[in-house]
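Trainee: Sequence:
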Amino acid sequence: MQDALWKRSATAQAEAVRGGEVSAVELIDSHLDRIAEVNPQVNAVTQLLAERAREAAARTDRRRAAGETLGPLAGVPFTVKETTAVEGVPTTFGTPRFRDLVASADALPVARLRAAGAVPIGHANVPTLILAGMHTRSELFGDTVNPWDAGRTPGGSSGGDAVAVATGMAALGLGNDSGGSVRVPAQFCGVAGLKPSTGRFPADQRVLGPDDPGPASQLLVTDGPLARSVSDLRLAYEVLAGADPRDPRAVPVPAYGEPLPGPVRVAVVTDPGGHGVHPTVGRAVATAADALRDAGYDVHEVADVPRLDEALEAYGRIAMTEFAPTWPVVRRLLGEGGDRYLGMAMEQTPPASADELVGLLGTWTNIRRSWAAFLDAYPLLLGPVFTEPPVEPGLESRDRAGRDRVASGMRLCTVTSFVGVPGVAVPTGTADGLPSGVQVVGRAFREDLCLDAAQAIEDRLGVLAPVDPRGGAAPSNVNR
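Per my numbering, residue 45 is the first one in the sequence shown, and the count goes up by one each step.
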């Protein structure tokens with residue numbers, strides 16, 4: 045129905061609850077009805093928290109009746125990636141081995157969203173252990189379906205959250221990103237997504253034990269929200285940003301920086317590294333560049349981003365070196381065929397020796413310095429999220445050519461994660477019935493500049509979601 049509460053933006057939903065137009069329970073029930081209608085077709089929400097969500101909403105309604113001030117996300121439902129802890133609920137990582145791994149406390153970003161009034165409504169699907177590939181298929185829950193076309197992947201590894209948000213099952217999704225895991229599914233599903241600067245959001249990477257992981261896991265993985273509009277993404281950003289003593293990596297940088305003098309300079313790179321880009325993606329970048337020019341930005345086509353191929357090689361060597369000791373155990377957890385994607389990466393990128401690793405860590409800093417100089421000249425970079433339209437499910441695990449094609453497609457996401465700078469994925473429209481989009485990358489801790497530019501693009505090109513699923517039902521191997 046046209047006036048369904050689930051269709052409203054997160055901002056409008058919270059305003060309606062705070063103002064007493066609707067109760068938080070009504071808002072949650074509207075989304076639960078939408079989940080019942082849509083989730084059997086797309087298989088995005090894995091563990092539905094219906095009663096918990098209703099109880100949390102009822103507490104919100106009681107607080108409002110008592111005259112208490114409600115938070116900026118009052119009553120707004122959000123999904124949480126299967127890798128991120130929700131108190132009292134298993135954090136399964138999509139593998140049967142962890143189906144009973146019940147979380148004793150909320151992860152820090154979940155706790156922040158709750159403190160702002162938001163309500164977790166369910167966990168969302170991931171590739172098994174977030175390591176089985178880009179396509180969102182887990183051994184425990186099966187395939188998640190792209191609502192635009194069942195023959196195309198929704199992306200990953202935060203694909204379940206992207207689909208839930210795109211179809212109106214939740215107003216916000218909480219994913220994470222270490223090389224495109226928020227931004228790629230945002231593009232493939234027609235929503236907006238934010239990968240923040242390293243250290244912007246507090247988190248805890250000790251997800252499977254008391255010990256902290258190595259530097260790659262600590263510095264490459266960032267939590268990030270997904271939303272249907274940039275204004276909702278901004279609202280989530282404001283809630284999630286800020287230091288916390290439980291995470292010494294999170295730094296107390298203001299959420300908004302000083303305004304820049306004059307028109308903001310934007311570098312445009314359509315084909316990072318010169319490895320090729322699909323014509324529809326090139327047109328999306330050009331359309332977004334025109335939108336920014338129209339908004340008053342100083343837009344310049346530039347030759348390339350700094351040291352892309354060198355950064356990709358260093359990223360792979362550091363990550364594989366850190367990962368290699370656990371590979372025999374992880375390989376068993378990934379299940380039949382789930383190890384193909386990472387196995388090919390391990391064969392292609394052998395672990396570094398101790399001396400080599402020390403050198404690679406120095407290279408990492410040096411590449412970050414090159415990017416800082418680039419972004420000093422151009423505070424914003426406009427480019428593709430993925431250099432192709434949404435691809436078929438499982439392409440990256442099919443063979444070496446498919447894996448290399450997917451790795452190349454997300455190369456700008458990978459390098460920007462490596463250097464720790466923020467990026468916002470924003471839709472630009474559709475092409476051949478599929479969503480298209482771009483990302484706006486900025487200086488470290490200038491998410492505000494990225495969000496401003498993404499808002500300017502959205503203002504001129506529109507919002508694509510929510511959408512009804514099309515193109516058939518979920519694959520038969522989905523475990524419901």
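These are calculated hints, taken from the structure and not from any lab test.
Predicted, not measured: the structure shown is a model, and the values here were computed from it.
Certain hints may be false.
What the hints assert, rightly or not - Using C-beta positions, here's what the derived DEER-type ranges look like:
| id | residue 1 | residue 2 | range |
| --- | --- | --- | --- |
| 1 | P254 | V295 | 23 to 31 Å |
| 2 | G326 | P298 | 47 to 55 Å |
| 3 | E131 | G258 | 24 to 32 Å |
| 4 | G132 | A110 | 23 to 31 Å |
Positions of the beta carbon are idealized from the N, C-alpha and C atoms, including for glycine.
Trainee: The structure should be examined with respect to each hint, and the outcome stated for every one.
Mentor: Here is how each hint holds up against the structure:
| no. | hint | in the structure |
| --- | --- | --- |
| 1 | P254 with V295: 23 to 31 Å | holds (24 Å) |
| 2 | G326 with P298: 47 to 55 Å | violated (36 Å) |
| 3 | E131 with G258: 24 to 32 Å | holds (27 Å) |
| 4 | G132 with A110: 23 to 31 Å | holds (26 Å) |
Consistency with the previously given hints fails for number 2 only.
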